[in-house]
Amino acid sequence: MADSQLQLSLYRSMLTIRRFEERCNNLFMQGKIPSTLHLYIGQEAVAAGVCAHLTADDYATSTHRPHGHSIAKGVSLRSIMAELYAKRTGCCKGKGGSMHVGDMTVGMIPAIAIVGGNIPLTTGLALACKRLGQGRVAVGFMGDGATNEGAFHEGLNMAAIWDLPAVFVVENNLYAASTPVGVTFKIQDIAQRAASYGMASDICDGMDVLAVYEAAGRAIARARAGGGPTLLECKTYRHCGHSRSDPRTYRPKEEETDWATRDAILRMAAHLKEAGLVTGESLAQIEQEVMAAVDDAVAFAESSPSPAPEEALEDVFWGEGPVPFAAAASGGVR
Amino acid sequence: MTQMSIAEAIREGIREEMRRDPAVFCIGEDIGIPGGFGGAFTVTLGLSDEFGHERILDTPISELGLAGVAVGAAMAGLRPIADVQYSDFLFLAMDQLVNNAAKMTYMSGGVAKVPMVMRAPVGATARGSQHAQSLEAFFCHVPGLKVVAPATAYDAKGLLKSAVRDDNPVIMFEHKLLYGSKGPRTERGALSPVGEVPDEDYVVPIGKGIIRRPGKDVTIVGKLLTMYRALAAAEELAKEGIEAEVIDPRTLVPLDKELLLESVKKTGRLVIVEEDNLTGGWAGDLAAIVADEAFFWLDAPVKRVSAPDVPPPFAPVMEQFYVPSVERVVAAARALLGK
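Chains as they are written, first to last, in this note's numbering: chain P, 16 to 349; chain E, -8 to 330.
None of these hints come from the bench; they were simulated from the model.
Each statement offered as a hint is correct.
With a cut-off of at most 25 Å between alpha-carbon atoms, the simulated DMTMM-like pairs for lysine to aspartate or glutamate come out as follows:
#  : chain 1 : residue 1 : chain 2 : residue 2
1  : E       : K248      : E       : E234
2  : P       : K288      : P       : D220
3  : E       : K173      : E       : E7
4  : E       : K173      : E       : E20
5  : E       : K248      : P       : E329
6  : P       : K102      : P       : E37
7  : E       : K256      : E       : D283
8  : E       : K207      : E       : E318
9  : P       : K268      : P       : D278
10 : E       : K104      : P       : D72
11 : E       : K257      : E       : E234
12 : E       : K199      : E       : E249
13 : E       : K104      : P       : E325
14 : E       : K199      : P       : E329
15 : P       : K268      : P       : D220
16 : E       : K257      : E       : D290
17 : E       : K207      : E       : E231
18 : P       : K102      : P       : E329
19 : E       : K199      : E       : E187
20 : E       : K207      : E       : D276
21 : E       : K104      : P       : E329
22 : E       : K248      : P       : E326
23 : E       : K104      : P       : E326
24 : E       : K248      : P       : E335
25 : E       : K248      : P       : E325
26 : E       : K257      : E       : D276
27 : E       : K256      : E       : E234
28 : E       : K330      : E       : E234
29 : E       : K199      : P       : E335
30 : E       : K256      : E       : E226
31 : E       : K199      : E       : E3
32 : E       : K207      : E       : E249
33 : E       : K104      : P       : E335
From chain P, some residues computed to sit far from chain E (all C-beta separations above 10 Å):
#  : residue
34 : T51
35 : S193
36 : K201
37 : D220
38 : L298
39 : E302
40 : D310
Glycine residues also receive a C-beta, built at the ideal position from the N, C-alpha and C atoms.
Whole structure, please, built from the sequences with the hints as guidance.
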């Protein structure tokens, strides 16, 4: 069982993701954030519980829904918010946006927004971790939908045959966009697929951060010890829709209400109080601190400069200058 | 100096880079299996004896997967040399190459790097439509990828070394008829040029083309196999008193534009020869560059000698019709000179 300090930090991590994204949603409604948003609200226990075992030297890969993973992995709120605002100070200098946030300095690979695309790449990161022998691990987050991509099969099989230090975390939230898992899976548990690769697997309650923490701990410890990869299925639910334009008309209202009562943050708050680890006052204190950090991130983003349009020509090739553009304007006349 | 085929030259290039840098490794299908092929065209033959199976890493038949593994490994400190048996199989790996390898540096604001090489054999060699395509143009179109296409043993080794040392993803296209593979992997009708390769360390810089034959009347650009078609055409034209200049770009991205423009400004005429089919091809892009930047130096239209817009056919007589012939190149050059 996680000690009290750690339990508090898991709670704080989840709350930070929740409040950050609620603010994102707000800012999006006000038209301050361009593009769409894929929010993670409801699934925070998974990112928090898994990433609590990782250091900046470990790698994590994410999806088109990367805010939660990035925050839990240590990417600064300021740099994520500035990226959402399309500012030069963003974690991708305004070239990534919501779906590509990440920060190599904390081991968060720029998020990969093609479903399943991060899976073989995670295997490659794990291959390097093993070869370079520093005890690092690579964790790949994915939704249930990604496990129906060919990339899942190829990536997991190679991780298994080479006994790589990888953990594949499936956040089964019952829907791939609007399509329910019953339409796309013949099996009950996605974790069953691990057997076909000779890979270890585990299933946990993805709405219980302590359960995620325990299960992820076992998988990551196995990976670090040279015991090979794990497919970890977290049963979870997203309280919001797939993206900002999703009215969720395909979901039964009772289902949403039922899962809302299992909200990971409410449950953890109740648990912390019952266990005597916090008082109502200290929870309010955490809430205040989290809100202050989110406010700070917004202020930073709003006061940051936009990139110049021609900065679009930079960073195409690593360590090289901007690519040429419209150079012919002066060169073609004799 | 040692006389080498292109397959041997690439193999030696890989060997030297793997000795120089422990982060370099090969990943592909059938590349290091004892008693196996050493890759589809023998390039990696014997390398697992020296480097073992961790560094000559055989994969399942998973092109998308192995490309993704290469991207991830490159991002975490290794330098993979990946390969596919036929470039046609790159279509299976497109997501990893185009959406990940090519864009990671950009999407990270210049922080993430993907120092990987992807080797791929091209060219029509009596295998029908799915083992015959020349895919250079597909990859030239993707910002963030460098593309090289060596036609000689010297360039193959030198460009391979440059590609391995580059901090960006490099796609290296090799031509099946130029390898000079030995034994059961020998190609029927192969050109298999053998060339002198220095024994000491050297590189051919990415982005530098070369004039293979100087001339003043017409510029002929060819790469891989079509560079040899261009040279043979120049030989024919010389008999008629036409001095053709043959340019081998060697690197397709970034293109040595200056070399091309200087040549065209000298000759005033341009023929571009490529094995890929015409529409949306590489030749069209070169023609556009010249039209844009050297239009007033041109004395005649720019001619593209490409394959027709059909899939590569199987029957040797049709395949020979499909791949640009020396005769077609000669005819195009003659037409530009009004002969």
